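Colleague: In case you want the letters, here they are:
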Amino acid sequence: MIVKNQTLNLEEEATQGFSLKSSSSSHNHGVQPLGNLLLNNKSHNSRNSGLGNLCILTDDILIDILGFLSGTHLGLLSTVSKSLYIFCNHEPLWRNLVLETLKGGFSFNGSWKSTFVSAFWPDFDIENANFCIKVRNFYSDYLFQSWLCANLEMKSEWLETDNIKRRSGISVEDFILNFEEPNKPVLLEGCLENWDALEKWDRDYLIRVCGDVVFSVGPVEMKLEEYFKYADLAKEERPLYLFDPKFVEKVPQLGLDYEVPVYFREDLFSVLGKERPDYRWVIIGPAGSGSSFHVDPNSTSAWNAVIKGSKKWVLFPPEVVPPGVHPSPDGAEVACPVSIIEWFMNFYGATKNWKRRPVECVCKAGDVVFVPNGWWHLVINLEDSIAITQNYVSRRNLLNVLDFLKRPNASELVSGTTDRVNLYDKFKTAIEASFPGTIDELALKAEEKSAQEKKMTFWESVTDAKVGGFKFSF
Amino acid sequence: MVIKHMIEDDCADNGIRVPNVRGEILSLVVAYCNKHGPVQNDSEDNSRSDELKTYDADFVKVDQATLFHLILAANFLNIKSLLDLTCQTVGDMMKGKTTEEIRKMFNIKNDLTPEEEEEGLIWKNLVVASTPEGEEEFRGENQWSYEIW
Numbered sequence: 000m001i002v003k004n005q006t007l008n009l010e011e012e013a014t015q016g017f018s019l020k021s022s023s024s025s026h027n028h029g030v031q032p033l034g035n036l037l038l039n040n041k042s043h044n045s046r047n048s049g050l051g052n053l054c055i056l057t058d059d060i061l062i063d064i065l066g067f068l069s070g071t072h073l074g075l076l077s078t079v080s081k082s083l084y085i086f087c088n089h090e091p092l093w094r095n096l097v098l099e100t101l102k103g104g105f106s107f108n109g110s111w112k113s114t115f116v117s118a119f120w121p122d123f124d125i126e127n128a129n130f131c132i133k134v135r136n137f138y139s140d141y142l143f144q145s146w147l148c149a150n151l152e153m154k155s156e157w158l159e160t161d162n163i164k165r166r167s168g169i170s171v172e173d174f175i176l177n178f179e180e181p182n183k184p185v186l187l188e189g190c191l192e193n194w195d196a197l198e199k200w201d202r203d204y205l206i207r208v209c210g211d212v213v214f215s216v217g218p219v220e221m222k223l224e225e226y227f228k229y230a231d232l233a234k235e236e237r238p239l240y241l242f243d244p245k246f247v248e249k250v251p252q253l254g255l256d257y258e259v260p261v262y263f264r265e266d267l268f269s270v271l272g273k274e275r276p277d278y279r280w281v282i283i284g285p286a287g288s289g290s291s292f293h294v295d296p297n298s299t300s301a302w303n304a305v306i307k308g309s310k311k312w313v314l315f316p317p318e319v320v321p322p323g324v325h326p327s328p329d330g331a332e333v334a335c336p337v338s339i340i341e342w343f344m345n346f347y348g349a350t351k352n353w354k355r356r357p358v359e360c361v362c363k364a365g366d367v368v369f370v371p372n373g374w375w376h377l378v379i380n381l382e383d384s385i386a387i388t389q390n391y392v393s394r395r396n397l398l399n400v401l402d403f404l405k406r407p408n409a410s411e412l413v414s415g416t417t418d419r420v421n422l423y424d425k426f427k428t429a430i431e432a433s434f435p436g437t438i439d440e441l442a443l444k445a446e447e448k449s450a451q452e453k454k455m456t457f458w459e460s461v462t463d464a465k466v467g468g469f470k471f472s473f
Numbered sequence: 000m001v002i003k004h005m006i007e008d009d010c011a012d013n014g015i016r017v018p019n020v021r022g023e024i025l026s027l028v029v030a031y032c033n034k035h036g037p038v039q040n041d042s043e044d045n046s047r048s049d050e051l052k053t054y055d056a057d058f059v060k061v062d063q064a065t066l067f068h069l070i071l072a073a074n075f076l077n078i079k080s081l082l083d084l085t086c087q088t089v090g091d092m093m094k095g096k097t098t099e100e101i102r103k104m105f106n107i108k109n110d111l112t113p114e115e116e117e118e119g120l121i122w123k124n125l126v127v128a129s130t131p132e133g134e135e136e137f138r139g140e141n142q143w144s145y146e147i148w
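Chains A and E, in that order, are what the protein sequence lines are. With numbering that gives the first Met the number 0 applied, the first sequence covers 0 to 473. With numbering that gives the first Met the number 0 applied, the second sequence covers 0 to 148.
Hints in this document: simulated from the structure, not taken from any laboratory. A quick note: this is a predicted structure, and the numbers were derived from the prediction, not measured. Among the hints, erroneous ones may be present.
What the hints assert, rightly or not - In silico BS3-like cross-links for lysine-lysine, where the CA-CA straight-line distance does not exceed 30 Å:
| # | chain 1 | residue 1 | chain 2 | residue 2 |
| --- | --- | --- | --- | --- |
| 1 | A | Lys164 | A | Lys307 |
| 2 | A | Lys133 | E | Lys94 |
| 3 | A | Lys154 | A | Lys245 |
| 4 | A | Lys307 | A | Lys249 |
| 5 | E | Lys96 | A | Lys133 |
| 6 | A | Lys102 | E | Lys60 |
| 7 | E | Lys103 | A | Lys133 |
| 8 | A | Lys133 | A | Lys199 |
| 9 | A | Lys199 | A | Lys228 |
| 10 | A | Lys164 | A | Lys351 |
| 11 | E | Lys60 | E | Lys103 |
| 12 | A | Lys249 | A | Lys351 |
| 13 | E | Lys96 | A | Lys102 |
| 14 | A | Lys307 | A | Lys354 |
| 15 | E | Lys123 | E | Lys79 |
| 16 | E | Lys60 | E | Lys94 |
| 17 | A | Lys425 | A | Lys405 |
| 18 | E | Lys123 | A | Lys133 |
| 19 | E | Lys108 | A | Lys102 |
| 20 | A | Lys427 | A | Lys245 |
| 21 | A | Lys245 | A | Lys273 |
| 22 | A | Lys354 | A | Lys222 |
| 23 | A | Lys133 | E | Lys108 |
| 24 | A | Lys102 | E | Lys94 |
| 25 | A | Lys228 | A | Lys249 |
| 26 | A | Lys222 | A | Lys183 |
| 27 | A | Lys307 | A | Lys183 |
Said to hold, decoys possible - A few chain E residues that face chain A, going by a derived Cβ cut-off under 10 Å, partial list only:
| # | residue |
| --- | --- |
| 28 | Thr53 |
| 29 | Val61 |
| 30 | Ser80 |
| 31 | Leu82 |
Heads up, the beta-carbon is just placed ideally off N, CA and C, and yes, glycines get one too.
Extracted from the complex, chain A is given alone in its bound form (with noise of 0.2 Å):
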């Protein structure tokens, strides 16, 4: 990665075409690009000297290394150059210790490292001691990557296009014939109209209402005020989310404030009751957090409810892997570049000269986008957003999913339930005793419908020894 030198800022130079969140408090030290060293005169990267043996060491294995050490060592190791300096205070690094020592019960106040020491050194007056070291010539493409990737904000290119198929006030029987049955996204308009949640879900209702019940935030819970506090001052790459699967659970009355719209009415893993797997989240979090690309857990089909803020999608059909993903040849696993701003700066120009292109769109409060099953999505917030998602089965994707149960690997790919391996076998019991001859019903018309069309299911394409781990469009 180059960028121009024009100037004699270095930040300014480094970041010349991408515009930086503002009152970034989080500075790089004037970290620079590796590409920069091809354009200086200076030959020299006082990363290295400032390494000495440790230099042949590449700067994410150096990173891993500091992950091996205690705050207290992490700081004692930044006072002996200034490369360490540099090193030791990513903030990542900081992130995790705060995450590992103190779980939820931090008080976030502005950097990971300044939480930590103030956590465990009360007395310290951290803001006389925050020295910051500014180093010339230190180039690290990982280094500046990373916080860059934190400080960026949108480009408003990455938001333009937006070809998702909008639909305001259809009937259900439109929805399930025109994008249900054929397995295609729309953003519905105007069915939230009686959700209490719309009006009433602000921070100070929030807060209120959910006292000191903790939620989940990725690995850790928290309390919905703390987090608050976090969601404002965070400067991050991946943004701790708050998206928490029994909230209702915990606080009845946030069930009360919406309803499922009525499209989505039909849930037949209700027929499951308490054993169902997690089917309904509340998610919040600060522009930038969201979820890179992955597909949704049991085959389930989703839709996803704006109550504030707004979000940007972008979603590929099952059978095109999107760029810069990798899924393994089964499916259980899938590898994604770091974070989603990264992705878009790196990977979302491709999507411009292929065949296939993505749906798109930004979703705004009181929209409500369907993701049908299989569908390769990512979604990232535009600012500080509240939303609720919910995944369900209906009869259209019934037998999508009791395929998807009953593969062999059902263990590790099955999600959301503590009891995998039985999930196929409950779950059809089930739904044989409350709708009884369904199943064979829906298979014979899938037989039929099939032997019109010679179609492999999706599953069974994604796993054909044939094809191999992805498949590529052009």
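Using the hints provided, position chain E relative to the given structure of chain A.
Modeller: Only chain E this time, still in chain A's reference frame:
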């Protein structure tokens, strides 16, 4: 996994070249993989895991250059357990040392200005003055020994 991919992609007919890894390093890596490779059944787990721990502890008793090349090899060949072992070893080398000792150990030039060194002192005094026991407990590490810098 890297070599496995090369084999699957039919690049391995004439032997596999591993250009980034020197011969003597590669032979150490192979020894490690052979030791750790075969998976035993559960009943032997405890004694085998002790045996492996001893093996690992001895395995990393090499000079710094070798250790760093092992790290690079493990990274390139994508052998996670070896990478973790070797990185943890370097991490352990850094613990409980003074700033000067670390510089000597890794041959690092002190490029901090006197002002910057002063500020570094603030941090050093901070950690000497207090007892981060809670933190150590969580991290499962040994008691940190205090020294006057």
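Colleague: For each hint, tell me whether it holds in the structure or not.
Modeller: Hint-by-hint comparison with the structure:
no.: 1; hint: A/Lys164 with A/Lys307; in the structure: holds (22 Å)
no.: 2; hint: A/Lys133 with E/Lys94; in the structure: holds (26 Å)
no.: 3; hint: A/Lys154 with A/Lys245; in the structure: violated (35 Å)
no.: 4; hint: A/Lys307 with A/Lys249; in the structure: holds (21 Å)
no.: 5; hint: E/Lys96 with A/Lys133; in the structure: holds (25 Å)
no.: 6; hint: A/Lys102 with E/Lys60; in the structure: violated (35 Å)
no.: 7; hint: E/Lys103 with A/Lys133; in the structure: holds (24 Å)
no.: 8; hint: A/Lys133 with A/Lys199; in the structure: violated (47 Å)
no.: 9; hint: A/Lys199 with A/Lys228; in the structure: holds (20 Å)
no.: 10; hint: A/Lys164 with A/Lys351; in the structure: holds (19 Å)
no.: 11; hint: E/Lys60 with E/Lys103; in the structure: holds (19 Å)
no.: 12; hint: A/Lys249 with A/Lys351; in the structure: violated (44 Å)
no.: 13; hint: E/Lys96 with A/Lys102; in the structure: holds (28 Å)
no.: 14; hint: A/Lys307 with A/Lys354; in the structure: violated (34 Å)
no.: 15; hint: E/Lys123 with E/Lys79; in the structure: violated (34 Å)
no.: 16; hint: E/Lys60 with E/Lys94; in the structure: holds (17 Å)
no.: 17; hint: A/Lys425 with A/Lys405; in the structure: holds (11 Å)
no.: 18; hint: E/Lys123 with A/Lys133; in the structure: holds (20 Å)
no.: 19; hint: E/Lys108 with A/Lys102; in the structure: violated (37 Å)
no.: 20; hint: A/Lys427 with A/Lys245; in the structure: holds (25 Å)
no.: 21; hint: A/Lys245 with A/Lys273; in the structure: holds (12 Å)
no.: 22; hint: A/Lys354 with A/Lys222; in the structure: violated (46 Å)
no.: 23; hint: A/Lys133 with E/Lys108; in the structure: holds (17 Å)
no.: 24; hint: A/Lys102 with E/Lys94; in the structure: holds (24 Å)
no.: 25; hint: A/Lys228 with A/Lys249; in the structure: holds (21 Å)
no.: 26; hint: A/Lys222 with A/Lys183; in the structure: violated (37 Å)
no.: 27; hint: A/Lys307 with A/Lys183; in the structure: holds (25 Å)
no.: 28; hint: Thr53; in the structure: violated (20 Å)
no.: 29; hint: Val61; in the structure: violated (14 Å)
no.: 30; hint: Ser80; in the structure: violated (13 Å)
no.: 31; hint: Leu82; in the structure: holds (7 Å)
Hint compliance for this structure: hints 3, 6, 8, 12, 14, 15, 19, 22, 26, 28, 29, 30 are not met, and every other hint is.
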